[in-house]
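Put the complex together from the two separate chains, hints included.
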Amino acid sequence: MIGRAIAAAVLLEFCYAALLLFLLVRALARGSAFRRRAVVSKAVRPVIREALIEYLAGSNNLAALRGYAKSHRRDLVDGVLEVHTAVSGGARDRLWELSLELSLVHDWCADTHSRDRLLRCLAFERLALACLFEPCRRIAGDLQLRGIEDPDDEVRFAAARGLAYSDDLKDVERVFELAVSQNSLARVLLTEVLRPHAVALCEGVVAEALRSSDERRVISTLEIALAWERAVPLMDLHRLVAGPNPEIRQLTLRLLPMVPSSPENEAAVVHALSDKLRSTALEAVVAAGRLKIEGAIPGLAHFLKWGDQEMSRAAADSLAEIPPKGWEILQEFGPLPGTSATQPTRPDGKSAPQKAARV
Amino acid sequence: MIQPVFTAAFLFVVSLASFFALLRGSFYLRRFARAQIRDDRAMLLKSPLVPGVSLIATAGDATPASREFVRRLLELHYGKHELVLVLDGLGEADVAVWKQEFRLSPSRRTSDNLLHSAPIRCIYEPGDPLRMVVVDKDAGGEDDSRNAAINVADSPLIGIVERGSEFQPDAFLQLVRCMLEDPERIVAVCGTAPAPYGDGLASRFGALESFRLWLGRCGSLADRNMLGAVPGCAMLARRDTVLTAGGFRAGNLDMFLRLHRAAKAAGKPYRIALAPEPICYVRPPATVSQLRASALADQREIAGALRSQSFRTPGLPSLFTIRFLRPLLETIAYLLVAVGLAGGWIKADMAVLVALATIGMGILLSMAAVVFREQARLEGADPRRLFQLFLAAIPENLGYRQWRNLWLLAGLRKRAPRPVAAS
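Protein chains in written order, with the working numbering: chain A, 9 to 367; chain B, 854 to 1276.
Chain B on its own, in the form it takes in the complex (with noise of 0.2 Å):
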């Protein structure tokens, strides 16, 4: 009888923590809203005082929406910025269409090894004047792929946006505007703000889950300097320090953790920031599999930051509590209250002690999301949609957040490497 008491206290704990952990965010995030009123991207785009990037993307084939990705790269905002795209253990076949796609020819630019990748096959440069180089090599998954494109990239600064990402032509100028405030500190920074959400119940499931990322993971963790990539962000990062940090290894998350590790054992003060404005964000989901297929996805890359990086890894203990812990302790609660209801070896108010700890807590904690997402923004969202996205935290909570946490437990699966990602 005590144990089940002492799990409900725990997870009311928990939810107590994410609380404050989302009226920090708030805060913090609001205190940067009201910092920056000014549009420079113009100065920024035309100053040669501002370095240069090199955009890194991977490509695992040559379909049409591939090709329009690495489009989307090269027509970014930028003075001075090349892409540095990966063909990740394509056949001659798909190699042929990129070569037919962007003209391309046999470059002099060499690889300097810094970090270990699988074997190169050819450097290309495209026949058309486009800042950009492709890296034939053997198939190796993303995150070798992205040491490959690290060794090949000239640029003082690493820029990276996700594949399923939709994103602003001028999203690595608000970046390196953070990186300009305090260039001495400041080894990388993250962008992204909650997309814009659809009107049914699974989009707006998508976008309480946004809000509370975006508070909890994005403005709490960026206030505390423990910020790590998040779904969906851009990416801006120092590259000798990404070649200090050891290249990518197991993901986002891992690199940005080892980042912080790499930091920390220079001894030099030093910050991950964050720009929360909406420059680069995951694709809004409209439907369940959606919501299914980015629960998964991000855990996948917390699985992978939980192996490859120590517990005590700043931010990691609260990320395996929220995204591990919690719903197997939930879970586990759920199935001995219905089996203990049945049984008749509980009584029924343990089960409604348990609800208030999971689903009371739960609802309340999706509707501060929505309420502290306001108070971080400077303009007034339309009344009405904004009420229903309060409602929206009741069902998410009574049937969503149950499947959910099977689908984050099973994410914690062990993976082989992650393959490329295709579009």
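Next up, chain A with everything else stripped away, as it sits in the complex (with noise of 0.2 Å):
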């Protein structure tokens, strides 16, 4: 029985160390062409970049660049993107314009039919560079848009950053629609490529969604409204700090005080100081503070004497923010326990009340 058990170890041992030579000798030839093409890039590299500043600085030979689009192709896409980060204005549309030339930007074309996924997004994610010059929009444009229907994430957020470079506000609110539709990653990507748009988007697309039923999609659209971190003209907010959600309450909240101030926003801040949710409270506190709407004093007033530490800090804070009457509010009630009594003195010699430490 030992006997058999042996024959049986040995084959299976066997036939598992030819497998694994196997994947060795493999592994040992892609590390061996991984490390020439490793080689040849280094000394190659330095003299395409040399001949590409040529390039951009004037010069009209492009001999030696078509030589490198023939010979080193790869090495050559790298020394163009690794460029494009050094340059703006005239240099990179003559860069982009090099690319269109050597047909680079048609390479890249191809690509966003290949089935290997990792190509298609390499190609998307080098197209949407190349679309900040306006002949690669006209050539990749209509690929962009087949591009954010792409099955995969990461296509998808490739095409769509090279979409939110075109002139039509049709295909920027395409871009808008699947940042709120997908992941916060997606958000996060594409919340910076909107930022220059987001004027125009507000006026339609955003303020559509701001009114949607659906409770995901306002709380996406206000969080990429907020991390524009810019004044936007939204109107009617006020009905979002009336409504039931309190994630959307507290996100309106934060977002009054970028927009277009008026007497119902003002109204829905002062009522959402009575919301029976602290944190909600509290962003109105901050708002109230940030608005400088008078309205809220009392209310402020309130949580400075009965509210607890850290609710107390935002009252002073905001009614610091006040002045003169959140000043006087202040002074009625002296300094906040554990900060300095003695209160900084202003030219004019009247006292100022001392902006209470955030925690």
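Please note: incorrect hints may appear among the correct ones.
Straight-line distance between alpha carbons at most 30 Å, and here's what the computed DSBU-like set of lysine-lysine pairs gives [claimed, not checked]: (1) Lys78(A) x Lys50(A); (2) Lys284(A) x Lys1121(B); (3) Lys284(A) x Lys933(B).
Which chain B residues face chain A? A few, computed with CB under 8 Å, are given here [said to hold, decoys possible]: (4) Val866; (5) Phe885; (6) Met896; (7) Leu897; (8) Ser900; (9) Val903; (10) Asp1076; (11) Leu1144; (12) Gly1197; (13) Ala1201; (14) Ala1204; (15) Ala1221; (16) Glu1232; (17) Asp1235; (18) Phe1240.
Label pairs and their computed distance ranges (CB to CB) [to be verified]: (19) Leu108(A) x Arg1077(B): 34 to 40 Å; (20) Gly212(A) x Pro917(B): 56 to 62 Å; (21) Gly1120(B) x Met9(A): 46 to 52 Å; (22) Arg884(B) x Ala118(A): 20 to 26 Å; (23) Gly1120(B) x Ala275(A): 54 to 60 Å; (24) Arg984(B) x Trp314(A): 30 to 36 Å; (25) Arg298(A) x Arg1077(B): 27 to 33 Å; (26) Met9(A) x Phe880(B): 34 to 40 Å; (27) Val48(A) x Pro1049(B): 22 to 28 Å; (28) Gly212(A) x Ala918(B): 54 to 60 Å; (29) Glu105(A) x Pro917(B): 54 to 60 Å; (30) Val55(A) x Glu928(B): 53 to 59 Å; (31) Gly212(A) x Arg1077(B): 41 to 47 Å.
I should point out that these hints are in silico values taken from the structure, not numbers from a laboratory. None of the values given here were measured: they were computed from a predicted structure. Note that the Cβ used here is the ideal one computed from N, Cα and C, for glycine as well.
Right, dumping it as structure tokens:
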């Protein structure tokens, strides 16, 4: 029996070893090829970079670059992408013009049809950069519209980033729709490229999304609008402050200081000060200070006196933002526990209330 | 006669299962490597949509190495982060050193006491513009200190880097990227990859160990959503989930296994994700004593998890088999064969069968780890070093492996609560 067991074990281990040897030989061959390519690239890349810089500086000698496009195409692409990060304006346009001339952009367009998702994703990433140049946009625009329908997330994001450079607002709106409907990572990656179009988007698709009955969609839209960190022309936000979803209420309160002020918005903030949820009331306290709402002073004074430590500090902060009435309330209450009793003196001799330290 | 045959057969089966785990891990990690080609770190760094992280760290002394570790944590690249440093039972002189180092003064920050920990003496903030809170508390050990830090932390995410680890400054940007892909379901993320290894034999043994761990305990278990913390990894977890799981009790692995249990009990789909990037790893061992220390530290974590968790916790039965049962059976088999051969009670062919089941399969497993790791990478390795590592599997299993079995068995002995690690 042991003899048979040994024979079986030897056979098993032999098959196993043969498979591993095959994989090892393949890995060694791949490693060798990788190293050879790395050695060649190391030698040729500085030369390519030099040639690209000369071309961007005004030289019209394309012969060398054409040669590299034939013999070291991959290194030339890497060189173009590397130089792209260091140039702007006319030089960048000239670089992408060269990429068109040497058919690099056409290669990437062809790669967008590849069945290999890695290749497809790389192609859309590169096209997204090239689309800063209008003639490239004309070539790749339709492909990117197709790309945002791709089943793969990464490919969709890459295509969307290129599409966001489009001059057509409809294309930008598609990118916004993608950002709203996908995960948080999509919002992080696409918010930045959508920022230049924030005002135009807010006048159409953003306002529409905020009216949606899908709470997830409203939350995503509010997150994007907040992440733009700029003034946006959004109206009627007071409706959302009065809504039932606490997350929407809080995000809206955070957004209110960035939209045009209106009596309805101010009334919504004052009303939110009495929200049952402490975190919403806290957001309302902060918003009241930023919007300098005088009507919120009684509520803020209430929190200053009766709120917990964090709420009371936030209320003091907000009151300090609403001179002179807010300051008067602060003076009535005197220094907060733990703050210095001596208050800074203004040049006119009056005493300014000290801003409470943020937690 | 029959029983040693069954023991050998069992060891064969375990080795084959390990082989398929390595293979599965290799496929998973390759898929992952091909999934991430874009460098989003700059966007993640400046986006206000990325949630804040409270990094937690503990110090059991005030040595220059500890202070250096804290300085390195403060240099992490992240948009919204703070460091919560816990001074665990330090004497007045040591606390004074920390106070002087960061110009600490008492803070208004409070602890919400949601997790049990030893009493907090004082909470400090630095006089310099550093995003840091220092918690001075009575001695309670590493887990107790981490619980105190979680009580003080006010970010939705908790980040942890082990003391002995090498980490990249942008480690947490990589981890949070994974979390943002599916923030509803992902409750925690672990990030690690094998460290670059040196040229000595001990370094190669360490590399083989780390390859097996990366493919088997990271790749394969992540694919089956059974991932636990592994030595040297950087960890990011949602604070609310950590609180639900009851905080730290017996190390990182135990914490992650309880995160699995708490998430399962919640009845919602969840995932603990892996970021298989070299963002954080154990310093590669260069000597046999360092190999021993690293094996013992890992074994202590596993022992802690085995003691505090139900045996049916996902991932634990396989860890028990690989890290306890197999070393035990191998050691017993070697002893019996040695005694049997010396006494003439067994024939040489039985010794051959045991050697095939232990040494033979061990060599093949280590060699498999080398080639499967290559399959999982997009770029190729230096052929000479790769071949040397492949061959190192032979001496690893002819002497070192047998010693390592003894270390693993010794590492399972019951220990006192984990002290805060010294640098």
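We went through each hint and held it up to the structure:
Between the alpha carbons of lysine 78(A) and lysine 50(A) the distance comes to roughly 18 Å, so the proposed pair stays at or under 30 Å and holds. With a C-alpha separation of about 28 Å, the suggested pairing of lysine 284(A) with lysine 1121(B) holds against the 30 Å cut-off. A threshold of 30 Å between alpha carbons decides the hint, and for lysine 284(A) with lysine 933(B) the separation of about 29 Å falls inside it, so the pair holds. Violation of the interface hint for valine 866(B) is found here, the shortest Cβ-Cβ separation to chain A being roughly 11 Å, above the 8 Å cut-off.
A least Cβ separation of about 12 Å between phenylalanine 885(B) and chain A goes past the 8 Å threshold, and the interface hint is therefore violated. Taken as an interface hint, methionine 896(B) checks out: its beta carbon lies about 6 Å from the nearest beta carbon of chain A, inside 8 Å. Interface hint status for leucine 897(B): upheld, as the beta-carbon distance to the closest one in chain A is roughly 6 Å, under 8 Å. Restraint check, serine 900(B) versus chain A: the minimum CB separation of about 5 Å is within 8 Å; hint holds.
With a cut of 8 Å, the hint placing valine 903(B) at the interface with chain A holds, because the nearest CB-to-CB distance is about 6 Å. Evaluation of the aspartate 1076(B) hint against chain A yields a violated restraint, the C-beta minimum of about 19 Å exceeding 8 Å. Look at leucine 1144(B): its Cβ only gets to about 24 Å from chain A, farther than 8 Å, so that hint breaks. Given hint, glycine 1197(B) at the interface with chain A, is violated; its Cβ is 16 Å from that chain's nearest Cβ, farther than 8 Å.
Hint status for alanine 1201(B) relative to chain A: violated, with the closest Cβ pair at about 10 Å, above 8 Å. The beta carbon of alanine 1204(B) is not positioned within 8 Å of any beta carbon in chain A (closest approach about 10 Å), and the interface hint is therefore violated. Interface restraint check for alanine 1221(B): the shortest CB-CB distance to chain A comes to about 6 Å, inside 8 Å, so the restraint holds. Proximity of glutamate 1232(B) to chain A holds as hinted, the smallest CB-CB distance being about 6 Å (cut-off 8 Å).
The beta carbon of aspartate 1235(B) comes within 6 Å of a beta carbon in chain A, closer than 8 Å, and the hint placing it at the interface holds. For phenylalanine 1240(B), the suggested interface contact is upheld, since its CB lies about 7 Å from the closest CB of chain A, less than 8 Å. Our hint of 34 to 40 Å for leucine 108(A) and arginine 1077(B) is violated, since their Cβ atoms are close to 48 Å apart. Against the hinted window of 56 to 62 Å, the Cβ-Cβ separation of glycine 212(A) and proline 917(B) comes to about 60 Å, which satisfies the hint.
For the pair glycine 1120(B) and methionine 9(A), the supplied restraint of 46 to 52 Å holds, since their beta-carbon distance comes to about 50 Å. At about 25 Å, the beta-carbon gap between arginine 884(B) and alanine 118(A) stays in the expected band of 20 to 26 Å. A hinted range of 54 to 60 Å for the beta carbons of glycine 1120(B) and alanine 275(A) is inconsistent with their spacing of about 42 Å. The hint said 30 to 36 Å for the Cβ distance between arginine 984(B) and tryptophan 314(A), and at roughly 31 Å that hint holds.
A hinted range of 27 to 33 Å is violated for the C-beta pair arginine 298(A) and arginine 1077(B), which are about 49 Å apart. The hinted range of 34 to 40 Å is satisfied by methionine 9(A) and phenylalanine 880(B), whose Cβ atoms lie roughly 37 Å apart. Between valine 48(A) and proline 1049(B) the CB atoms are about 24 Å apart, so this pair conforms to the stated range of 22 to 28 Å. The given range of 54 to 60 Å is respected by glycine 212(A) and alanine 918(B), whose C-beta atoms sit roughly 58 Å from each other.
The hinted window of 54 to 60 Å between glutamate 105(A) and proline 917(B) holds, with their beta carbons roughly 56 Å apart. Hint check: valine 55(A) to glutamate 928(B), Cβ distance near 37 Å, so the stated range 53 to 59 Å is violated. For glycine 212(A) and arginine 1077(B), the Cβ-Cβ distance of about 46 Å falls inside the hinted range of 41 to 47 Å, so the restraint holds.
Figure legend: structure checked against the earlier numbered hints; hints not met, in rising order: 4, 5, 10, 11, 12, 13, 14, 19, 23, 25 and 30.
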